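Number of protein chains: 2
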Amino acid sequence: MKKEVLKEPIFAEKILRIIRSSPSMEEMREQLRDYHDNDIAQSLKYLNRAERNLLYSALDAEWLAEIISYIDDPVEYVDEIGIDKLSAIINEMDADDAVDLWENIDESVKVKLRPMIDDQTKAAILLINSYDDDEVGSLITTNYICIHQSLTIRQAMHELVRQAGENDNIATIYVVDGRNRFCGAIDLKDLIVARENVPLDSLISYAYPYLLDHEKISDSIEKIKDYAEDSLPVLNRDKKIIGIITAQDVVEAVDDELGEDYAKLAGLSAEEDLNETIAESIKKRLPWLIILLFLGMGVSTVVGAFEGVVAVLPVVICFQSLILDMAGNVGTQSLAVTIRVLMDENLSAKDKLHLAAKEMKVGSCNGALLGVMALVFLGVYIVLFKGYSAANAFLISGCVGLSLLAAIVISSLVGTLVPMLFHKVKIDPAVASGPLITTINDLVAVVTYYGLAWVFLIDLFHLV
Amino acid sequence: MKKEVLKEPIFAEKILRIIRSSPSMEEMREQLRDYHDNDIAQSLKYLNRAERNLLYSALDAEWLAEIISYIDDPVEYVDEIGIDKLSAIINEMDADDAVDLWENIDESVKVKLRPMIDDQTKAAILLINSYDDDEVGSLITTNYICIHQSLTIRQAMHELVRQAGENDNIATIYVVDGRNRFCGAIDLKDLIVARENVPLDSLISYAYPYLLDHEKISDSIEKIKDYAEDSLPVLNRDKKIIGIITAQDVVEAVDDELGEDYAKLAGLSAEEDLNETIAESIKKRLPWLIILLFLGMGVSTVVGAFEGVVAVLPVVICFQSLILDMAGNVGTQSLAVTIRVLMDENLSAKDKLHLAAKEMKVGSCNGALLGVMALVFLGVYIVLFKGYSAANAFLISGCVGLSLLAAIVISSLVGTLVPMLFHKVKIDPAVASGPLITTINDLVAVVTYYGLAWVFLIDLFHLV
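Top to bottom, those sequences are chains A and B.
Going by UniProt numbering, the first residue of the first sequence is number 1, and it counts up by one from there.
Going by UniProt numbering, the first residue of the second sequence is number 1, and it counts up by one from there.
Hints in this document: simulated from the structure, not taken from any laboratory.
Warning: the hint list may mix true and false statements.
Copies of the same chain are indistinguishable here, so a pair counts whether it falls within one copy or spans any two.
25 Å max Cα-Cα, derived SDA-like pairs, lysine to any residue [unchecked claim]:
| id | residue 1 | residue 2 |
| --- | --- | --- |
| 1 | Lys223 | Asp168 |
| 2 | Lys112 | Ser389 |
| 3 | Lys350 | Pro74 |
| 4 | Lys85 | Ser218 |
| 5 | Lys239 | Lys424 |
| 6 | Lys225 | Leu274 |
| 7 | Lys223 | Asp256 |
| 8 | Lys216 | Asp256 |
| 9 | Lys239 | Cys183 |
| 10 | Lys350 | Leu402 |
| 11 | Lys386 | Trp454 |
| 12 | Lys386 | Gly298 |
| 13 | Lys225 | Glu135 |
| 14 | Lys45 | Asp201 |
| 15 | Lys45 | Trp454 |
| 16 | Lys112 | Ala270 |
Quick caveat: nothing in here was measured; it's all calculated off a predicted structure.
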């Protein structure tokens with residue numbers, strides 16, 4: 001469906017045909033110009049090495065740079081391209097793409113490349129690498145238009161045309177003052193429709209939003225989304241523009257951010273993909289599992305304290321898994337909701353209280369409902385299959401129902417407070433909350449359940 | 001931190017000061033022009049009604065339309081704006097924003113509005129509403145530049161300037177043929193730098209990627225991301241452009257898509273937010289919990305079959321929760337990885353086999369490791385706290401270790417195959433997989449554990 005709709009294979013086929021059947025390189029260029037660079041990039045894998053080499057020599061470095069920036073894992077092709085062409089390509093690339101590519105080239109090749117990389121590209125790569133992966137600065141591209149505040153409309157237009165040759169993020173034009181500090185932005189549309197005699201000043205938004213290079217990506221994603229611009233400028237502490245973040249970068253960032261939390265919620269220390277080695281996967285999954293193993297042993301100790309109950313009334317163990325699973329699921333639900341809320345907005349103390357109270361209410365309602373269902377259905381079940389008298393059966397199912405209610409209410413609260421707590425002390429709640437919550441909920445559930453069983457069934461009603 | 005960095009309160013304060021202290025409306029407009037519409041939108045909530053009314057009358061409908069499109073819940077303000085202004089605003093809005101707003105206006109107001117909405121806006125709203133929420137057509141905006149194939153560069157430039165007044169997504173210019181069918185696209189940058197004497201034809205990409213109005217958003221998100229364009233055209237079956245999808249729409253779509261899966265993984269039938277009523281939250285959480293309650297009863301029945309074991313050897317129940325929790329966690333890890341992979345790529349049968357095999361291997365390694373740890377630590381624990389002889393203690397912990405291994409391996413496999421199966425039969429794996437996997441894993445774990453306990457500890461070694 002997807003493939004058919006987006007015509008990917010068809011584009012690819014056509015591209016292959018062009019590359020294989022073009023009489024001349026000029027002809028090949030002419031025809032390929034009609035295709036999106038991403039489609040050309042995706043068709044590389046269907047070509048054999050000779051055909052790819054033909055393509056490399058047919059297209060200039062600038063074009064190849066565009067194409068390669070669309071390839072997820074370009075290294076395999078890098079080796080095929082000669083050093084000279086490769087260096088030219090890297091010099092033509094957007095800084096952020098160049099960084100991605102550079103990271104994946106072996107040192108042996110890098111040694112030969114370094115002297116051939118121009119200083120501007122070198123500087124850009126150094127700059128981007130100087131930021132941590134979770135800082136906004138690590139996402140920037142230096143591919144943007146920047147003009148001086150004092151220009152006239154006509155001069156600005158000229159400057160735009162000059163810079164547009166190099167840089168293709170032109171929808172917003174950034175403006176700097178006499179000391180090269182960011183002072184505002186012009187919407188290209190306004191510049192294009194502006195009459196020549198109006199002052200450029202009247203087109204500039206002087207309070208245009210911006211990001212700071214060292215702020216955390218996760219902290220700024222929501223804001224970037226809110227401004228819904230094609231790009232936002234990134235400034236250093238001197239208010240100099242070091243680069244921009246484009247909407248495409250934001251798409252990636254949102255995807256990564258959520259993907260990570262999604263993975264963490266499931267007990268992975270980081271996101272995995274298909275091509276990962278088994279060792280890598282194990283490394284990402286084992287930490288939590290080990291923590292859980294030991295926390296689980298803690299729970300075991302507590303359960304052990306109730307051996308007595310089970311010894312005299314074995315029927316109760318039938319429903320332990322039921323209660324623990326329910327508590328666990330409710331806890332996860334509250335956890336997921338809380339993490340998303342914490343991620344999406346800056347919560348005031350009032351909001352947090354509100355959220356916790358709401359989770360409590362939801363938990364109580366769900367708990368009451370499920371408790372009653374358990375009481376009824378399990379009661380019947382125990383009469384039919386365990387041969388207890390109706391009275392005793394409903395005493396037992398009553399214990400289960402009550403425990404469910406208690407376990408669910410407490411799980412909802414724990415699933416809300418624990419992540420908030422971690423968030424407050426600046427520990428990523430998505431990572432840390434899971435195991436702790438599971439354990440707390442298990443303990444609560446076990447104690448309530450066996451405790452009730454002990455008091456009601458054995459002490460009070462001497463069911464044995 | 002976030003707030004401070006993005007200067008939101010500071011922007012807001014300045015905007016408030018301007019609105020409160022401007023001597024004239026002209027003056028207010030002049031000063032507000034420097035601010036981003038989103039910042040003006042966010043500062044509305046800090047104004048009192050009188051101040052907002054002042055703003056409404058100071059700004060023209062086009063500007064207010066921009067501002068309102070940034071407000072998440074504009075209804076509260078809609079009532080304050082007079083019908084005449086409101087209708088003017090809606091007529092100025094991008095089609096997709098107009099739709100969002102329109103949905104939230106009460107029928108009583110709509111009745112008055114309808115006659116004042118111009119036909120173009122009416123048509124756009126009708127068009128967008130004619131698509132299901134999960135179809136690409138429901139995301140489009142009609143705010144784009146479209147020119148005719150046969151124009152010259154100069155004519156195209158003129159047309160651009162003319163349309164740019166209305167439409168602000170100008171980075172890509174869409175081209176239609178003589179029969180008004182989409183035939184390609186021009187990168188604005190190329191048009192701007194082009195010399196006047198070259199034919200427009202040479203700037204047009206004739207195989208430009210596009211989306212079809214009825215395709216599923218979830219199916220196309222990855223592709224849209226891959227092309228990394230500011231916008232992509234959306235065509236109907238006659239190859240006519242009905243609108244475009246912008247990078248901002250994609251950001252939202254990616255966020256929603258992942259948020260939904262994230263919620264579903266946690267057992268919510270849909271994503272929740274802070275402002276939801278308790279009833280809504282319960283409606284989203286209860287379905288799964290009820291299913292799990294009944295599946296859990298199934299597990300209880302199986303556990304019940306082993307009452308005999310527990311009656312004679314109560315110590316074994318200590319570790320049931322440990323084994324079930326571990327199985328559950330491993331299953332969730334595999335589930336999360338599989339769903340993400342299924343979401344991100346079109347898997348060939350080979351890939352699927354590869355993935356399943358990998359999960360098996362990872363599961364075996366983790367299982368073996370954790371099994372051994374359980375054997376050792378629990379063995380010691382049982383000797384110390386349960387007063388069993390070393391031999392018996394390690395027999396018991398051996399059972400636990402073996403069960404862990406078995407349970408973890410099988411959980412990994414189940415956690416991979418079940419979502420694949422659902423995906424194959426076109427059921428959303430994120431929704432359906434969770435409860436089924438939990439149950440299967442519980443059953444497997446319980447049977448292995450108590451089965452082993454029975455055979456080894458009781459039959460073979462007569463531990464009792």
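With 25 Å as the alpha-carbon cut-off, assign the pair Lys216 and Asp256 to within, between, both or neither. Both: 14 Å inside a copy, 22 Å across copies.
Give the relationship of Lys386 and Gly298 under a CA distance limit of 25 Å: within one copy only, between copies only, both, or neither. For Lys386 and Gly298, the Cα distance is within 25 Å only across copies (14 Å; inside one copy 31 Å).
First find the shortest C-alpha distance between Lys223 and Asp256 inside one copy, then the shortest across copies, and answer within, between, both or neither for a cut-off of 25 Å. Cα proximity of Lys223 and Asp256: in one copy and across copies (16 Å, 16 Å).
Is it within a copy, between copies, both, or neither that the alpha carbon of Lys239 lies no farther than 25 Å from that of Cys183? within (8 Å within a copy, 44 Å between copies)
Intra/inter-copy verdict for Lys112 and Ala270 if alpha-carbon distance must be at most 25 Å: Neither: 35 Å inside a copy, 54 Å across copies.
Taking 25 Å as the upper bound on the Cα-Cα distance, should Lys85 and Ser218 be classified as within, between, both, or neither? neither (37 Å within a copy, 39 Å between copies)
From the Cα coordinates, with 25 Å as the cut-off, is the pair Lys45 and Trp454 best called within, between, both, or neither? neither (67 Å within a copy, 56 Å between copies)
Using 25 Å as the alpha-carbon threshold, which applies to Lys225 and Glu135: within, between, both, or neither? So Lys225 and Glu135 pass the 25 Å test inside a copy (17 Å) and across (22 Å) alike.
What label fits Lys386 with Trp454 when the C-alpha limit is 25 Å: within, between, both, or neither? The answer is both: 19 Å in one copy and 21 Å across copies each meet 25 Å.
Could you place Lys350 and Pro74 in one of the four classes (within, between, both, neither) given a Cα distance threshold of 25 Å? between (50 Å within a copy, 23 Å between copies)
Taking 25 Å as the upper bound on the Cα-Cα distance, should Lys223 and Asp168 be classified as within, between, both, or neither? Answer is both: 24 Å inside a copy and 21 Å across each meet the 25 Å cutoff.
Intra- versus inter-subunit Cα pairing at 25 Å for Lys112 with Ser389: Intra 86 Å, inter 68 Å, cutoff 25 Å: neither.
Hint compliance for this structure: hints 2, 4, 5, 10, 14, 15 and 16 are broken, all remaining hints hold.
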